[in-house]
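In order, the protein sequences belong to chains L and S.
Numbering follows our numbering, with no gaps: position 268 of the first sequence is 982.
Numbering follows our numbering, with no gaps: position 10 of the second sequence is 139.
Please note that the accuracy of each hint is not assured.
Unchecked claim - With a straight-line cut-off of 25 Å between C-alpha atoms, the simulated SDA-like cross-links for lysine to any residue are:
| # | chain 1 | residue 1 | chain 2 | residue 2 |
| --- | --- | --- | --- | --- |
| 1 | S | K348 | L | Q963 |
| 2 | S | K214 | L | R987 |
| 3 | L | K957 | S | A169 |
| 4 | S | K327 | L | T1044 |
| 5 | S | K214 | L | V1127 |
| 6 | S | K328 | L | Q971 |
| 7 | S | K327 | L | D973 |
| 8 | S | K166 | S | S148 |
| 9 | S | K166 | L | T949 |
| 10 | S | K348 | S | E258 |
| 11 | L | K885 | L | H896 |
| 12 | L | K1117 | L | I974 |
| 13 | S | K216 | L | F1003 |
| 14 | S | K214 | L | F1003 |
| 15 | S | K280 | S | E332 |
| 16 | S | K214 | L | N989 |
| 17 | S | K340 | L | Q971 |
| 18 | S | K348 | L | I974 |
| 19 | L | K1029 | S | F318 |
What the hints assert, rightly or not - Which chain S residues stay away from chain L? Per the calculated CB distances, all over 12 Å, these:
| # | residue |
| --- | --- |
| 20 | Y152 |
| 21 | R161 |
| 22 | K194 |
| 23 | K246 |
| 24 | Q247 |
| 25 | E258 |
| 26 | H269 |
| 27 | E332 |
As the list claims (entries may be wrong) - Distance ranges between label pairs, derived from CB positions:
| # | chain 1 | residue 1 | chain 2 | residue 2 | range |
| --- | --- | --- | --- | --- | --- |
| 28 | L | T1048 | S | E192 | 26 to 36 Å |
| 29 | S | R198 | L | R934 | 27 to 37 Å |
| 30 | S | Q219 | L | F939 | 24 to 34 Å |
| 31 | S | E155 | L | D1038 | 50 to 60 Å |
| 32 | L | E908 | S | D173 | 21 to 31 Å |
| 33 | S | Q191 | L | H896 | 48 to 58 Å |
| 34 | L | A1067 | S | R198 | 52 to 62 Å |
| 35 | L | I974 | S | Q191 | 36 to 46 Å |
| 36 | L | I974 | S | S148 | 19 to 29 Å |
| 37 | S | E155 | L | T931 | 37 to 47 Å |
| 38 | L | E1092 | S | S148 | 48 to 58 Å |
| 39 | L | K1087 | S | N185 | 28 to 38 Å |
Treat the hints as calculated values from the structure; they're not laboratory data.
Ideal Cβ positions, reconstructed from N, Cα and C, are used throughout, including at glycine.
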Amino acid sequence: MTRLLNKPLRAFILYSLVVLATSIPAYYLIIDYIWRLQLDEHNQLVSKKTQNELSTLSLNDTLLKQSIELWDRIQPGTALEPVSQAEMRPDSIYTVLRPNKYDPDGYINRFRGLSTYFILYGKPYRLIVETNVEESDETIAAITVVTVFFFLLLLGGFIILTKRISVRLWKPFYRTLEKVQHFNLSRQQNIQFEDTSIKEFRELNDALQNLIEADMTAYRLQKEFTENASHELQTPLAIIRSKLDLLLQSSTLTNEQSDIIEQATRALSRVSRINRNLLLLARIENNQFADRQQIDLSGIVNENLLMLDEHLSNKGIEREKDIDDAIQITGNRTLVETMVSNLLLNAIRHSPAGGKIKVQLSARQLRISNSGKGPLKEEGLFQRFSNISHESPGSGLGLAIVKQVCNRYGWEVSYSYSQDFHVFTIRF
Amino acid sequence: MLIIEDEPELAASITDYLSGESYLCETAASFRQAIEKINAFEYDCILLDLMLPGGNGLDILQEIKHRKREEGVIIISAKDAVEDKIKGLQIGADDYISKPFHLAELAARIYSLIRRKQFNNTNVLRQEEIEVNLLAKTVHVHGKVVNFTRKELDLLLYFMANRNRVVSKTALAEHLSGDIADMLDSHDFVYAHIKNLKKKLAEAGATNYLKTIYGSGYKWES
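Model the full assembly from the supplied sequences, consistent with the hints where possible.
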C-alpha cells in the first residue's frame, strides 16, 4: 500500500527523469551545432586573414615559397600548398577524426576543417584550416554529468517538498481519518470533526458527519426493534406457556389430552428457543456484545463438559478429552460460552447412541468431533435454518451463531469429515 | 404478593396458579398503579415486569429499595438482555426470570425467596416425616439422614414448592439444565433423577408423595 502523496511524487520523479534524459541529446545537438558554426566562422577568418596577409606582402616567387614553408611549419592547424588550375574546387567544410600530433597520448581527436582555393600572384593555391573540436562522447559525458546532478537536486527537492506538503496540507484529512477509524457504532458517540478552511475537506467532513448520524439512527432503530420484537414475541409465548401449565392442572384430563399438552409444550419450547437465538444473532450483528475481556477458555470447555456429562452417559456416548490448561482468549464471555455450548450440544445431539465425542483444546484451536454416518453437506452448514432435520429438530441456528461469533473475533470455523467423525475446528 | 405485569392474561395465569398455593395475589397493570399499591400495602414478594405502560420497571425497583422496604423482588422480563439482568440485580432485585417461563419454575423461585426472607436463611422444611434443612442442605426421613445428590435435592424442593400441582417433564428438564433443555432430544435424564429420588425416599421409609401423571409429568401430593 502506498501513501497518497507518494503517488504524485513517483510520477513527478518519473516525468523529470524522462525530461532530463531527452534533454541530453538535445543539449548535445545544440552545443555541437553552435560549436561547428563558430569553428567554421573561425576557420573562415583564419583563411581570409592568411590570404590577406600573403597578398599584401608583395613577395617574389622564392620568398613566397619560403614563406609558405615557414607558414606551414609555424601554423600547425593549416596547410597551404600550390595546386594546378585543374584542381581548383569551390570551398568545402568537413569534419575529420585523426590522431593529434601534439597530443602526447596520440588520441583520436575531432577536427573541423575548411578547404579553400584562391589565386595568389596569379597562381592557384589551396588552404586547409583545421581546428580541434571537442569529441561528441566527451560532450555527451559532460552534459550527462550535469544533468544527473540536476536530477538529483530535483529528486531531493521533491521529497522534501512532498513531506512538507503532506504534513501541512493534508493534516485535516489525516485528522478526519483518525477520528473515523476510532469511531465505534455501538458506543453511540457522535464525532466532532475539526474545522478546516479547505473546501474539499470540509465537504468530506460534512458528508461523513451525515453518514455517521444516519448510521447511528439506523443502529438505534435496529436495536430498539430487536428489543421490541423480543418483548412482543415473548409475552404471547409466556401467555401460551402459562395457559398450558394451567391446563395441565385440570383433574379431568384424559391420557390423550395430557399427551397433546406435553407435545404442545415441547413445540413451544422450540419456538421460544428459536426466538431467543434469532435475537441473539441480531444482537451480535448489532454489535451489542462489544466489551472484551480475557477469558479462561479451558475453564469454559471443562465446565460445559461437566454440565453435559449426564447427557453423555444417558446416551451412552464415550468421551475423550485433551484440553490444555489455562488457554486464554479475548472476547465477550457470553458469546464464547454460547459458542462452546452450541458446538458441544451439536455434537451430542448428532452422535448416535453409543457413539464417541472428542474434545481437543490447544492455544491455536478448539476441535470438537463426534462419530457420525457419512459426511454432512458442507454448503450452507453454517447458514440459518439450513440444516434442520426432522429426526432431531433443533433451532437451526446453533451453528449460525457459532459462525457469527467466530466472524466477530476473526476466528476461522471449519467442518470436515474423517474416519467416521464429524470434525468442527475453530482456529484462533 | 404483588404482580406488576401489564399483560392481563399472563397476570391472570400467575394469579390462578399461585392462589392454589395459598398465596394472596394482587395485580398492577401500569407504572402508576404499581406505585400506588406499593405506597398502600406491604407484600412478601413482588413480581416485576420491566416494560410497563407509563414507566420503566427498574424505576419501581429503585423506589422500593430507596424506601428500604423488605419485600423480595423477582424481575419478570422479556428483555433477557444481560445488561438489564445485571442492572436489576445491582439495584437490589432478588431474582430474575425471563419470559417465557413455566409457572412451576416461578412458583419455585417465589417459594425459595420467601423462605429466605422469612427465616433468615436458617429454615427447615417439613413434610410429615421428611425434613429438609435448607442451610445445611441435608434431608432427614424419620430422623435419619438420607444422602441426595445436588440435583435430587433440587428436584425435591421444586416439587415441595409446587405441591399438589402437575409439573410437566419439560418444566423439570428446563429447571435442571436451563437453556439447553430443549436442545436435547430426550428428557430421559429427568426420569433418571426422579427414579433415584423416589427410590431413596422409599428406602428411607417415606410415603410415596410423588405421583407420576401419565403423559404429562409428576405431582407431589400432600
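Now the hints, each set against the structure:
1. Restraint check for K348/S and Q963/L: satisfied, since their Cα atoms lie roughly 10 Å apart, inside the 25 Å limit.
2. Proximity of K214/S to R987/L is assessed by CA-CA distance (about 19 Å); at most 25 Å being required, the pair is judged to hold.
3. The suggested pairing of K957/L with A169/S is violated, with an alpha-carbon distance near 31 Å, which exceeds 25 Å.
4. About 46 Å separates the Cα atoms of K327/S and T1044/L, which puts this hinted pair outside 25 Å; it is violated.
5. Under the criterion of a C-alpha separation no larger than 25 Å, the hint pairing K214/S with V1127/L is inconsistent with the structure, at around 31 Å.
6. Among the hinted pairs, K328/S with Q971/L is inconsistent with the structure: their alpha-carbon atoms are about 29 Å apart, more than 25 Å.
7. The suggested pairing of K327/S with D973/L holds, with an alpha-carbon distance near 23 Å, which does not exceed 25 Å.
8. Between K166/S and S148/S the CA atoms are separated by roughly 19 Å; this keeps the pair inside 25 Å, and the hint holds.
9. For the suggested pair K166/S and T949/L, the alpha carbons sit about 23 Å apart, so the restraint of at most 25 Å is met.
10. Between K348/S and E258/S the CA atoms are separated by roughly 18 Å; this keeps the pair inside 25 Å, and the hint holds.
11. For the hint pairing K885/L with H896/L, the CA-to-CA distance comes to about 17 Å; that is within 25 Å, so the pair holds.
12. For the hint pairing K1117/L with I974/L, the CA-to-CA distance comes to about 36 Å; that exceeds 25 Å, so the pair is violated.
13. Between K216/S and F1003/L the CA atoms are separated by roughly 16 Å; this keeps the pair inside 25 Å, and the hint holds.
14. Between the alpha carbons of K214/S and F1003/L the distance comes to roughly 15 Å, so the proposed pair stays at or under 25 Å and holds.
15. Pair hint K280/S plus E332/S holds up; C-alpha atoms about 18 Å apart against a cutoff of 25 Å.
16. Taking the CA atoms of K214/S and N989/L, the gap is about 18 Å. The hint holds against a cut of 25 Å.
17. A hinted pair counts as satisfied when its Cα atoms are at most 25 Å apart, and K340/S with Q971/L qualifies at roughly 18 Å.
18. The hinted pair formed by K348/S and I974/L meets the criterion: a straight-line CA distance of about 18 Å does not exceed 25 Å.
19. With a C-alpha separation of about 9 Å, the suggested pair K1029/L and F318/S falls inside the 25 Å cut-off, and the hint holds.
20. For Y152/S, the non-interface assignment is confirmed: its Cβ lies about 15 Å from the closest Cβ of chain L, beyond the 12 Å cut-off.
21. Residue placement check: R161/S keeps its beta carbon more than 12 Å from all beta carbons of chain L (closest about 20 Å).
22. Residue-level check passed: K194/S sits 24 Å from the nearest beta carbon of chain L, beyond 12 Å.
23. The non-interface label for K246/S is consistent with chain L: the shortest C-beta to C-beta separation is roughly 25 Å, beyond 12 Å.
24. Listed as a non-interface residue, Q247/S keeps its Cβ farther than 12 Å from every Cβ of chain L; the least gap is roughly 26 Å.
25. Its beta-carbon lying about 26 Å from the closest one in chain L, E258/S satisfies the requirement of being farther than 12 Å from that chain.
26. The Cβ of H269/S lies farther than 12 Å from every Cβ of chain L, with a closest approach of about 26 Å, so its non-interface assignment holds.
27. At the 12 Å boundary, the C-beta of E332/S stays outside the reach of chain L, the nearest C-beta of that chain being 22 Å off.
28. Between T1048/L and E192/S the beta carbon distance is about 30 Å. The supplied range of 26 to 36 Å therefore holds.
29. A C-beta distance of roughly 35 Å is found between R198/S and R934/L, which places it inside the suggested range of 27 to 37 Å.
30. Taking the beta carbon of each, Q219/S and F939/L are about 26 Å apart, inside 24 to 34 Å as hinted.
31. A hinted range of 50 to 60 Å for the beta carbons of E155/S and D1038/L is consistent with their spacing of about 56 Å.
32. For the pair E908/L and D173/S, the supplied restraint of 21 to 31 Å is violated, since their beta-carbon distance comes to about 60 Å.
33. Q191/S and H896/L have their C-beta atoms about 35 Å apart, which leaves the hinted 48 to 58 Å range violated.
34. For the pair A1067/L and R198/S, the beta carbons lie near 53 Å from each other, so the given range of 52 to 62 Å is met.
35. Checked against the hint of 36 to 46 Å, the pair I974/L and Q191/S passes, with Cβ atoms roughly 44 Å apart.
36. In this structure the supplied range 19 to 29 Å holds for I974/L paired with S148/S, their Cβ-Cβ distance being about 26 Å.
37. Here the CB-CB span from E155/S to T931/L is close to 41 Å, well matched to the stated 37 to 47 Å.
38. Roughly 55 Å separates the CB atoms of E1092/L and S148/S, a value that falls within the hinted 48 to 58 Å.
39. For K1087/L paired with N185/S, a C-beta distance near 53 Å fails the hint of 28 to 38 Å.
Against the hints set out earlier in the document, violations occur for numbers 3, 4, 5, 6, 12, 32, 33, 39.
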